[in-house]
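J.: Starting from the given sequences, assemble the full structure and let the hints guide the process.
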Amino acid sequence: GILRMMRGMAAEPTKFSYGAVVAASSAARQWPLALGLLFEMPEKGFQPEVVVLGAAVKACGTASRWRQALALLQDHWQAYSSVPDEVAFRDAVESLEASGQWQQRWSLCAGTP
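According to my numbering, the sequence shown is numbered sequentially starting from 1.
Read the hints as simulated data drawn from the structure, not as lab findings.
Beta carbons: idealized from backbone N, C-alpha and C, even for Gly.
Be aware that a few hints might be false.
Derived CB-CB ranges, DEER-like [unchecked claim]:
1) 12 x 64: 11 to 21 Å
2) 98 x 45: 32 to 42 Å
3) 17 x 100: 31 to 41 Å
4) 45 x 97: 31 to 41 Å
5) 100 x 74: 18 to 28 Å
6) 27 x 67: 15 to 25 Å
7) 42 x 87: 16 to 26 Å
8) 27 x 74: 21 to 31 Å
T.: Structure (structure tokens):
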């Protein structure tokens, strides 16, 4: 992909290039790629920004992978002690609604993912 091409040109990917590729992967409905890159970021020394988390949550939600979307929110919350933004929560809620997971939806809205 793009990050591999950057490395081949002796240009090291940054947290911004990772974020851009995660967002593009989400828009292209490539949730496995978005998740793979999100999980690779800490290995490369980059803390994922909440907007990058939101893009990965959206990618999962669009693919009806609501369990992965919730796990991302919870993992981010625990790993970085930062609350995901309202966009990430909205995308997770939308994926729960689309999957008919009403009980999970209410738990998330109550702040207990």
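J.: Are the hints correct? Go through all of them and say.
T.: For each hint, the structure was consulted:
Hint check: residue 12 to residue 64, Cβ distance near 35 Å, so the stated range 11 to 21 Å is violated. Taken as a hint, the range 32 to 42 Å holds for the pair residue 98 and residue 45, whose Cβ atoms sit roughly 35 Å apart. The hinted window of 31 to 41 Å between residue 17 and residue 100 holds, with their beta carbons roughly 37 Å apart. Evaluation of the 31 to 41 Å hint for residue 45 and residue 97 yields a pass: the beta carbon distance comes to about 36 Å.
Residue 100 and residue 74 have their C-beta atoms about 21 Å apart, which keeps the hinted 18 to 28 Å range intact. Checked against the given bound of 15 to 25 Å, the beta carbons of residue 27 and residue 67, roughly 22 Å apart, stay inside it. Between residue 42 and residue 87 the C-beta distance comes to about 21 Å, which sits within the given range of 16 to 26 Å. Hint check: residue 27 to residue 74, Cβ distance near 24 Å, so the stated range 21 to 31 Å holds.
The structure fails hint 1 only (numbered hints given earlier).
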